[in-house]
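Its first residue numbered 1, the sequence shown is counted upward by one per residue in the UniProt record's numbering.
Worth flagging that the hints you see were computed from the coordinates, not collected in a lab.
Note that CB positions come from ideal geometry on N, CA and C, so glycine has one too.
Hints are supplied without guarantee of correctness; some may be wrong.
Calculated lysine-lysine pairs in the DSS-like style (CA-CA distance at most 30 Å, straight line) [to be verified]: (1) Lys533 x Lys444; (2) Lys108 x Lys379; (3) Lys308 x Lys588; (4) Lys588 x Lys573; (5) Lys39 x Lys82; (6) Lys108 x Lys156; (7) Lys11 x Lys533; (8) Lys308 x Lys39; (9) Lys379 x Lys82.
Have a look at the derived ranges for each label pair, beta carbon to beta carbon [unchecked claim]: (10) Asn146 x Lys39: 33 to 41 Å; (11) Gly534 x Gly109: 48 to 56 Å; (12) Glu84 x Pro612: 35 to 43 Å; (13) Glu459 x Gly546: 50 to 58 Å; (14) Gly357 x Thr239: 52 to 60 Å; (15) Ser32 x Arg171: 31 to 39 Å; (16) Gly548 x Pro471: 36 to 44 Å; (17) Thr81 x Pro408: 37 to 45 Å; (18) Thr239 x Asn431: 37 to 45 Å; (19) Pro612 x Gly109: 46 to 54 Å; (20) Glu8 x Gln377: 37 to 45 Å; (21) Val613 x Phe209: 52 to 60 Å; (22) Pro408 x Asp351: 25 to 33 Å.
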Amino acid sequence: MTYRSVYEGWKSDPEGFWMDAAQNIDWVKPPSKALFDDKAPIYEWFADAEVNTCWNAVDRHVEAGNGDRTAIIYDSPVTHTKHEISYLELRDRVASLAGALRAMGVEKGDRVIIYMPMVPEALEAMLACARLGAVHSVVFGGFAANELAVRIDDCKPKAIIAASCGIEPGRVVHYKPLLEGAVAEAKHKPEFCVIFQREQEVAKLNEGFDFDWHAFQYDVDPAECVPVAGNHPSYILYTSGTTGQPKGVIRHTAGQLVALNWTMSNIYGMEPGEVFWAASDVGWVVGHSYICYGPLIHGNTTIVFEGKPVGTPDAGTFWRVIQDHDVKVLFTAPTAFRAIKREDPSGDFLDKYDLSGLRTLFLAGERADPDTIVWAQEKLGVPVVDHWWQTETGWAIAANPVGIEELPIKLGSPSVAMPGYDVQILDEGGNEMPVGEMGAIAVKLPLPPGTLPTLWNAEARYHSSYLTTFPGYYETGDAGYKDEDGYLYIMARTDDVINVAGHRLSTGGMEEVLASHPDVGECAVIGVTDQLKGQLPMGFLCLNTGSGRDQAEVVSECVKLVREKIGPVAAFKLAVVVDRLPKTRSGKILRATMVKIADGEEFKMPATIDDPVILDEIRDALVTVGYSKSK
């Protein structure tokens, strides 16, 4: 099979393609067909089936005789802890927690918020909800109380499962006060909370409302898997909304099972029993799809890693984890590799570890600049695959499907559209753009299984956010182009395409040039307001650790580099060196917030920001270079 034959096979018979993929799932009642389009443009997949996610992710592997296979490896350099959980142990632990939740009245359709750090118990909580048919909503551990309160009011959970704390390098994040503040602020009141007590911070429990994780499960009957309809929501995951009100992306049960199982073998090239590591967090979509559900549904071993790419304890921690656990495929964000590269540009830490078992590195979450990809290719000696997807899609829109055919890697491209996605480049009027010309990236409806069918209790908002701009298409919000081979190039969010004296320019293209400078470890480009040209690009440069270069010289060289590579049309003259860039906890650079700071506009503090202090540093840096709008 080749990629082309598989993709064309899907295009000629999408119904047959997805019904064939559905054969690899255990059904209580098999679907009669794949696509249900009677409510178009709201589409559903395998809607009349009955199935259970937890059975497919856990129990069926035990029943098949693989109960002794390792399901979860917990590796926590911040607590100096490592342990493994077999599929049999995982089944018993999940069934016990589900039984305790059931005894407290949690049943099919109820919502449960999960507010936990990167510990195996977070996955157990997700799976326990799935076992009962309850709809979980994982909120990133340590989220501010008011943001958690907004989510409580939107999904109205019967219960909250939380930990007493999270562990960050050099500090303990106290979850319980944040949780109590959120419950006090929210109009909706959950009926009870279950608290997983960690030895680093034992929280005070409120009698009758808070229950200790272990005592809660004592002497309860384990719960069996509850069948749910194929279109039953598996979870709600909130993503940032432009109005400040987060959007509740939902995932239907059957579509998620079929799609994620298909991706594990076809995109990631995994065989059951092998170790897959997605270095992300359960609070993000990657944590849902590729720490919890995808690997376990497919029968792989998944790693729950509680640490950072640098500083826990050093820039070699990823290499240690790969060696210690024989990781076959690593999936992480480009920002993680940029951090490692900045700390250890020559890759000295790599010499300390045996990485011979690693087959492929996958990058997603932010555009992977060619310089970082080349560095990773040279240091690791394995294919480095950039692939592109969104919280809304749940799995890759475009990728290099190494499980089908390893396609040539083109630097700067996440390769080609996956089966299920008919990707088009459109102009403002919805007309297809010529090859090589940049436009809005849209996907022809229907989206494939495993993607969002709508938003939680907000169908009108789903239409206005995604379906209105280009009727018949899902609007991705990204801009880019296709080349003559059908490879996609994602150049920027649509909002990050800047207009310089009438020329539409990609900030991603400029970042690509800046990242190629040998002293630049990481960078960002934004468009700032200019009375003459409308907008001007401004670069923010983070230099490699130990660079030692004069900052003004590096800035001058970078300005010259952009002029040489892109041309005078870019009007790139403004750049400043900063120690770090403002990011979300998942590693996305907060460019829109940086624009508002540069232009002196009011802005709402992003809920997902990793460290708010960085915004003051950005403001100070702008003032030092005389960009006076910043205040």
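Here's how the hints hold up against the structure:
1. Our distance criterion of 30 Å between C-alpha atoms is broken by Lys533 and Lys444, whose separation comes to about 35 Å.
2. As the CA atoms of Lys108 and Lys379 are separated by approximately 49 Å, the hinted pair breaks the 30 Å bound.
3. Between Lys308 and Lys588 the CA atoms are separated by roughly 15 Å; this keeps the pair inside 30 Å, and the hint holds.
4. Under the criterion of a C-alpha separation no larger than 30 Å, the hint pairing Lys588 with Lys573 is consistent with the structure, at around 25 Å.
5. Simply put, Lys39 and Lys82 have alpha-carbon atoms about 48 Å apart, too far for the 30 Å limit, and the pair is violated.
6. Proposed proximity of Lys108 and Lys156 is supported: the alpha carbons are some 14 Å apart, at most 30 Å.
7. Between Lys11 and Lys533 the CA atoms are separated by roughly 44 Å; this puts the pair beyond 30 Å, and the hint is violated.
8. Restraint check for Lys308 and Lys39: not satisfied, since their Cα atoms lie roughly 44 Å apart, outside the 30 Å limit.
9. Among the hinted pairs, Lys379 with Lys82 is consistent with the structure: their alpha-carbon atoms are about 27 Å apart, no more than 30 Å.
10. In this structure, Asn146 and Lys39 meet the distance hint of 33 to 41 Å, their C-beta atoms being roughly 35 Å apart.
11. A hinted range of 48 to 56 Å for the beta carbons of Gly534 and Gly109 is consistent with their spacing of about 51 Å.
12. Evaluation of the 35 to 43 Å hint for Glu84 and Pro612 yields a pass: the beta carbon distance comes to about 37 Å.
13. Roughly 53 Å separates the CB atoms of Glu459 and Gly546, a value that falls within the hinted 50 to 58 Å.
14. Against the hinted window of 52 to 60 Å, the Cβ-Cβ separation of Gly357 and Thr239 comes to about 34 Å, which falls outside the hint.
15. At roughly 54 Å, the beta-carbon separation of Ser32 and Arg171 lies outside the given 31 to 39 Å, and the hint is violated.
16. Between Gly548 and Pro471 the C-beta distance comes to about 56 Å, which lies outside the given range of 36 to 44 Å.
17. Between Thr81 and Pro408 the beta carbons are some 42 Å apart, a value that agrees with the proposed interval 37 to 45 Å.
18. A C-beta distance of roughly 29 Å is found between Thr239 and Asn431, which places it outside the suggested range of 37 to 45 Å.
19. Distance hint for Pro612 and Gly109: a CB-CB separation of about 37 Å, inconsistent with the stated range 46 to 54 Å.
20. Range check, Glu8 to Gln377: Cβ separation about 30 Å, and the 37 to 45 Å hint is violated.
21. Separated by about 34 Å at the C-beta atoms, Val613 and Phe209 break the suggested range of 52 to 60 Å.
22. Separated by about 29 Å at the C-beta atoms, Pro408 and Asp351 satisfy the suggested range of 25 to 33 Å.
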